[in-house]
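**Student:** The residues making up each chain are set out below.
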Amino acid sequence: MSASIADICLVGVGAVGGILAKQLATAGLKVVAFERGPAIKREDYAGLDSISFIARPNTLEWVKNEPRIFRTNPKEPGAIRHGTSPFNALGGALLLWTGQASRFMPGDFKVYSNEVATGAAERAGIDLSDYDVVDWPIGYDDLEPYYERFEWEFGVSGASGMNPFAGPRRKPYPLPPLRTNAKMELFGAACRRLGYHPFNGPAAVLSEPYRPPPPYDTRMPERPACVYCGHCNHYGCHVSAKASTLYTAIPVALETGNVDLRANCKVASITTDDKGVATGVKYFDAQGGLQEQRARVVILSAFVFDNVRLLLLSKTGEKRFRNGLANSSGLVGKCFFGHGDMRIYGLFDDHIINAFIGPGSATMRIDDFNGNNFDHTGLGFIRGGTMGASGDGTPISRMDVVPPGMRSWGREYKEYFARYYTRTFDIHMAPETLPRRDNRVDLDPRRRDPWGLPLPRVTFAFHENEKRMHRFLAGIAEGILHEAGASKVWTELPRPAPTRQCGGTRMGSDPRKSVVNEYCQTHDVPNLFIVGSSVFPTMSGYPATATIAALAYRTAEYITRQRDWFR
Amino acid sequence: MQTKSTRTRVQRGETLKALTPRQARLVEAIAGRILPSTDTPGAIEAGALYYIDRALAGVYRSLLPHYRRGLRAIEKHAKAKFSASFLKLSENEQDAVLSALEAGQVEELSQGDEFFELLRSHVLEGVFGEPSHCGNRDLIGWRLVGFPGQQYGYPDPYIDKVVDLEPVACDGPPKKPAEA
Numbered sequence: 000m001s002a003s004i005a006d007i008c009l010v011g012v013g014a015v016g017g018i019l020a021k022q023l024a025t026a027g028l029k030v031v032a033f034e035r036g037p038a039i040k041r042e043d044y045a046g047l048d049s050i051s052f053i054a055r056p057n058t059l060e061w062v063k064n065e066p067r068i069f070r071t072n073p074k075e076p077g078a079i080r081h082g083t084s085p086f087n088a089l090g091g092a093l094l095l096w097t098g099q100a101s102r103f104m105p106g107d108f109k110v111y112s113n114e115v116a117t118g119a120a121e122r123a124g125i126d127l128s129d130y131d132v133v134d135w136p137i138g139y140d141d142l143e144p145y146y147e148r149f150e151w152e153f154g155v156s157g158a159s160g161m162n163p164f165a166g167p168r169r170k171p172y173p174l175p176p177l178r179t180n181a182k183m184e185l186f187g188a189a190c191r192r193l194g195y196h197p198f199n200g201p202a203a204v205l206s207e208p209y210r211p212p213p214p215y216d217t218r219m220p221e222r223p224a225c226v227y228c229g230h231c232n233h234y235g236c237h238v239s240a241k242a243s244t245l246y247t248a249i250p251v252a253l254e255t256g257n258v259d260l261r262a263n264c265k266v267a268s269i270t271t272d273d274k275g276v277a278t279g280v281k282y283f284d285a286q287g288g289l290q291e292q293r294a295r296v297v298i299l300s301a302f303v304f305d306n307v308r309l310l311l312l313s314k315t316g317e318k319r320f321r322n323g324l325a326n327s328s329g330l331v332g333k334c335f336f337g338h339g340d341m342r343i344y345g346l347f348d349d350h351i352i353n354a355f356i357g358p359g360s361a362t363m364r365i366d367d368f369n370g371n372n373f374d375h376t377g378l379g380f381i382r383g384g385t386m387g388a389s390g391d392g393t394p395i396s397r398m399d400v401v402p403p404g405m406r407s408w409g410r411e412y413k414e415y416f417a418r419y420y421t422r423t424f425d426i427h428m429a430p431e432t433l434p435r436r437d438n439r440v441d442l443d444p445r446r447r448d449p450w451g452l453p454l455p456r457v458t459f460a461f462h463e464n465e466k467r468m469h470r471f472l473a474g475i476a477e478g479i480l481h482e483a484g485a486s487k488v489w490t491e492l493p494r495p496a497p498t499r500q501c502g503g504t505r506m507g508s509d510p511r512k513s514v515v516n517e518y519c520q521t522h523d524v525p526n527l528f529i530v531g532s533s534v535f536p537t538m539s540g541y542p543a544t545a546t547i548a549a550l551a552y553r554t555a556e557y558i559t560r561q562r563d564w565f566r
Numbered sequence: 000m001q002t003k004s005t006r007t008r009v010q011r012g013e014t015l016k017a018l019t020p021r022q023a024r025l026v027e028a029i030a031g032r033i034l035p036s037t038d039t040p041g042a043i044e045a046g047a048l049y050y051i052d053r054a055l056a057g058v059y060r061s062l063l064p065h066y067r068r069g070l071r072a073i074e075k076h077a078k079a080k081f082s083a084s085f086l087k088l089s090e091n092e093q094d095a096v097l098s099a100l101e102a103g104q105v106e107e108l109s110q111g112d113e114f115f116e117l118l119r120s121h122v123l124e125g126v127f128g129e130p131s132h133c134g135n136r137d138l139i140g141w142r143l144v145g146f147p148g149q150q151y152g153y154p155d156p157y158i159d160k161v162v163d164l165e166p167v168a169c170d171g172p173p174k175k176p177a178e179a
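So the protein sequences, as listed, match chains Y and F. So for the first sequence, numbering that gives the first Met the number 0 puts the first residue at 0; every next one is plus one. So for the second sequence, numbering that gives the first Met the number 0 puts the first residue at 0; every next one is plus one.
Note that these hints are calculated values from the structure, not bench results. Among these hints, one or two may not hold up.
[As the list claims (entries may be wrong)] Mimicking DSS-like on lysine-lysine, the simulated pairs with C-alpha atoms at most 27 Å apart in a straight line are: (1) Y/K314 x Y/K512; (2) Y/K466 x Y/K109; (3) Y/K512 x Y/K109; (4) F/K175 x Y/K40; (5) Y/K40 x F/K174; (6) Y/K487 x F/K160; (7) Y/K63 x F/K16; (8) Y/K466 x Y/K487.
[What the hints assert, rightly or not] Pair ranges (Cβ atoms, derived): (9) Y/G451 x F/S61: 15 to 25 Å; (10) F/A79 x Y/D348: 39 to 49 Å; (11) F/F81 x Y/P37: 49 to 59 Å; (12) F/E13 x Y/G160: 54 to 64 Å; (13) F/D155 x Y/G484: 20 to 30 Å; (14) F/P154 x Y/D348: 24 to 34 Å.
[As the list claims (entries may be wrong)] Calculated Cβ distances over 12 Å to all of chain F for the following chain Y residues: (15) S159; (16) P171; (17) T255; (18) R566.
It should be emphasised that the depicted structure is a prediction, and the values quoted were computed from it without experimental measurement. Glycine residues also receive a C-beta, built at the ideal position from the N, C-alpha and C atoms.
Model the full structure from these sequences, guided by the hints.
**Tutor:** Now the structure itself:
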């Protein structure tokens, strides 16, 4: 296949790439799938090894080769940072996620209409003139059937109808909620007493053995139920109860015989012809040799940083691609954002919590302060975030959790950690960040990766809307922990770098103001698609996974309908 | 007493892979202050030194020069302030040296605060990490805080209950209890 023209070149085989490969290959299209990392094995990821996965992730083969530069101040050169997203291995970051599988809420797609156009932002008392808030060109209803397909193919456990703020659903979750643990109980009871609406947050972690029933994809393998080992966040699942494409969609895709998987192959650029049509990719093979693969359609399904980087690296001398491929809007890399993860800690003298016992994905939550679910009048900000009982982790994850003012070593520290490791949990939240053009990803002028390609460079800062929101949400969470009976409570505000990054190749209907259309197809190059959180025009107070999965199903369906492209 | 325990361990045939014997004695003495032995064992008994030594010979290789420089500065500082090697100081004096380092006030070392944070993290990793990385001997760290280790899973959520399981360690993915 390599010498011929493939139907599809897929760049990145993680959550999105795994779903796309399965759907496109099943429709009979010939797919060449590039994964820059190795085809990772269970022995590599399922070791419950907190030293390798928590203390030193930067030394992992799947992390160390693709750092990025981060800076808050555009006048500074920035520092090298590693992250487990992107996770450079087959299956991608879905190997390590916690499994939080919430759909976005209907309002998350219409922030401009709901909160700017209506004057809600003004009433809240926030000036958004430096932000670039827009609506998505699609809404919740457009994605609903695809959310459903994701939930039923990957197996999502949850309590349908329990969250009054969730969008309407045609079908319930396929599996009942995961087992309740102490932190979920304490958090839920405190929230109910405060008049909030706790619910079992949906998790792509199986509460019972599961295989999708018809009409969903019954080729997906049966997987066992969660054993509550608690090693979710940053670990691979040793029983495969947590959904990952590595052991679900990818083997099904390979089984079709239509996927030529090229692991350890790093795509360097997208090639185009003089008509401005994508012709394929150039890539480094496993031995480091530069190769070319031609294709009728190219799909970028890498993470935010590489989607942007590849477009910028693929610029040509031609006028329209001088600033990068698909960048006539000038927006490639712009309006980058991510969550400002916060933790509010509570120590309990009256309860033994054993927060290291799963489920680990903050599975008791409230949305009372997410999105536009509460009145923001006079609060000084719009939007919000979901919050839930968290605090899982081995002692390695928790050894730096020390109340303010206490020395983090010595006898007092030892006594504190010995007493409270089993008597603490925290409220985790991932508040939304609004898009701005000055928060962006571009190419570092100096530093390069092991293939000699410029590293992606992030320039990002939280601004007034976020900072006010963070303080407000911290106050709410502190109140919940006090109500739950915590004897000591403190807040860790977000660090400078955002997490669960999104944006950079914004979706929209106006080619002057966006990079891709509602089908994730670039406005400028009709046979080039970008699928993933990089297309989000605005984000949400939720993790992105369910939504990027839904976009992948929807885009695959759109592409397979274009029969004349593949004749 | 700390030096004696070091000597015993080194003599027991645990060869050092990255640190010199003198550096190793210093690291062990520092570890003993970061997580001291009290009525329960601490970082020395957990073998934090050996965790650090193995790591410095492996994935933390690039940090070895920081250790050399940092340990030299700690010794210099101890001699300047207390006219003796760090190893000979009282616990309070050792803590004073480490507190100065933590505050970035050891003039013999620029960015001493960062080196302290590195040491502190590595010592605690050596106490609370998986024994497959050479620390946490006899699962001392896990027993100290009540963590039962790399369990296959938990049939009970242990709500408001002490987990009464014997801690377990494994190399590689855990095996089903029946298979173990």
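**Student:** So, for every hint listed, does it hold in this structure?
**Tutor:** We went through each hint and held it up to the structure:
Taking the CA atoms of Y/K314 and Y/K512, the gap is about 19 Å. The hint holds against a cut of 27 Å. As the CA atoms of Y/K466 and Y/K109 are separated by approximately 22 Å, the hinted pair is consistent with the 27 Å bound. Restraint check for Y/K512 and Y/K109: satisfied, since their Cα atoms lie roughly 16 Å apart, inside the 27 Å limit. The suggested pairing of F/K175 with Y/K40 holds, with an alpha-carbon distance near 18 Å, which does not exceed 27 Å.
About 16 Å separates the Cα atoms of Y/K40 and F/K174, which keeps this hinted pair within 27 Å; it holds. Simply put, Y/K487 and F/K160 have alpha-carbon atoms about 21 Å apart, close enough for the 27 Å limit, and the pair holds. A hinted pair counts as satisfied when its Cα atoms are at most 27 Å apart, and Y/K63 with F/K16 qualifies at roughly 24 Å. Between Y/K466 and Y/K487 the CA atoms are separated by roughly 24 Å; this keeps the pair inside 27 Å, and the hint holds.
For Y/G451 and F/S61, the hinted distance range of 15 to 25 Å is satisfied, since their beta carbons lie about 21 Å from each other. With their beta carbons about 44 Å apart, F/A79 and Y/D348 fall inside the hinted range of 39 to 49 Å. Checking the proposed 49 to 59 Å range against F/F81 and Y/P37 shows it holds: the Cβ atoms sit about 52 Å from each other. Taking the beta carbon of each, F/E13 and Y/G160 are about 60 Å apart, inside 54 to 64 Å as hinted.
A beta carbon spacing of about 22 Å between F/D155 and Y/G484 agrees with the range 20 to 30 Å that was offered as a hint. Remark: the range hint 24 to 34 Å for F/P154 to Y/D348 is upheld by a beta-carbon distance near 27 Å. At roughly 23 Å, the least C-beta separation between Y/S159 and chain F is larger than 12 Å, which holds for a residue marked as non-interface. Chain F leaves Y/P171 outside its interface by the beta-carbon criterion, the shortest separation being 24 Å against a cut-off of 12 Å.
Against the 12 Å criterion, Y/T255 stays outside the reach of chain F, whose nearest CB is about 29 Å from its own CB. The claim that Y/R566 is not at the interface with chain F holds, since no C-beta of that chain comes within 12 Å of its own (minimum 47 Å).
In this structure, every one of the numbered hints holds.
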